[in-house]
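Below are the chains, spelled out letter by letter.
2 protein chains.
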Amino acid sequence: MSQLTIFGVAGLPEIVEGADLATGILAAAAGAGSPIETGDVVVVTSKIVSKAEGRTVELDDIEPSPFAREWSAAWEKDPAVTEIVLRESKRIVRQLGPILITETHHGFVCANSGVDQSSSGAHGRAVLLPVDPDASARAIRDGFLAAGVDAAVIVSDTFGRAWREGQTDIAIGIAGMQPITSYIGQVDPHGHEFKVQALCTADELAGAAELVKGNLSRVPVAVIRGHAWERDDTATIAPVLRDQSRDLFR
Amino acid sequence: MSQLTIFGVAGLPEIVEGADLATGILAAAAGAGSPIETGDVVVVTSKIVSKAEGRTVELDDIEPSPFAREWSAAWEKDPAVTEIVLRESKRIVRQLGPILITETHHGFVCANSGVDQSSSGAHGRAVLLPVDPDASARAIRDGFLAAGVDAAVIVSDTFGRAWREGQTDIAIGIAGMQPITSYIGQVDPHGHEFKVQALCTADELAGAAELVKGNLSRVPVAVIRGHAWERDDTATIAPVLRDQSRDLFR
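Chains as they are written, first to last, in this note's numbering: chain A, 1 to 250; chain B, 1 to 250.
Just so you know, the hints here were simulated from the structure itself, not pulled from any lab data. One or more of the hints may lead you astray.
[To be verified] Here are some chain A residues pointing at chain B (derived, C-beta under 8 angstroms):
| # | residue |
| --- | --- |
| 1 | W75 |
| 2 | V212 |
| 3 | F249 |
Quick caveat: nothing in here was measured; it's all calculated off a predicted structure. Glycine residues also receive a C-beta, built at the ideal position from the N, C-alpha and C atoms.
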């Protein structure tokens, strides 16, 4: 029977710019007695990736535009944070009351361009999403491979949904495996074509990882063991991003 | 360290109307050498719930409305299926080309009101979502409790998302635990309030379960062991349904 085991990797040091995440994750997992193994899927919270890549901004360094200042004043927001959110977006999808849903330069549709002021390591600083989360995942996977461990890597973040309350962790970057499992053209045991044509396995893996990472405990990495994935080093998150031509809700 | 184990429950018989799912699931799990235990979260695919509850419709019995007939002809759809989709909806959210996104009577926003023609056990039949998926989950949980097993139950289905390709399994009914984990008012290790205010744990559990159930194999039930949940027998899926007043995309 197919069985998955999911566990968090605790014991990582506070991540600073330039940190070697792959080496740190391997060491922390080994130190906890559960070394990363070939075949694992390793899910890394984007926040530590951003910190390692220096994707943090001092709010004092930001000069908000008049638009950012006016809207922030109306809704009691920090104008510097609003300015960063706008700079991280290529388009505002919805702006209603204090809510700002944007499309990021990557093509993700989310609140506040994924900009995070919650636990940046200092007051007055914001953490931005990685510039290229696929490249971030790739770099971690390459670090694992260099240590002889062939593991897939997902960089995850916490996003809201259009029609459902409560956020979930989803994949924003991937390396080593395709994010979507396609059933197109396959038939079920009764000979019908599948209603489900494609599952976003990467998002399900990211959400599963959140269950052990939690948001209050400081466990930014989780390992999923037992998930069968096909090695594909051309994989990116791009197939998950719905093209505007297919988007009914943008 | 927090650790989850997730495994599928194979060996269930073909589900017919009136089947006792709780007893069947307990027997199949025990028969496979992995009995359901107190503390488990059991995720049951809605399709077998619908079959057990007789929520199937013979397409020949359906008289499509002129609206259903005209639209179906334009897009080469089965007018009987379209008619069922319309009857299962309280509102059409988007209708563009062959795509029909509806709000079901339960309040779920999804494609085709969740109506499934893919593996109904016979040609010319459709499987509808359970009338009250919380009650369905409740009945299964009660069956487990009667056997001395205190497990939470989630009824899952496979839904698309507004801005991301690939579907994921999500929760449409729940019993024994709240679907949302709230962090409101809590602070992170740096003293900041959390950016993430509430996580939809139930959807993450449903998605995690899909990873072992798969869509090609016939494994309609999965067990998640090691997830800490607080017993709450007032729980329903209602808190996950975004109220129209908070919905920017309906």
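Comparing the hints with the structure gives:
{"no.": "1", "hint": "W75", "verdict": "violated (15 angstroms)"}
{"no.": "2", "hint": "V212", "verdict": "holds (5 angstroms)"}
{"no.": "3", "hint": "F249", "verdict": "holds (4 angstroms)"}
Going through the hint list in order, the structure does not satisfy hint 1, though it satisfies all others.
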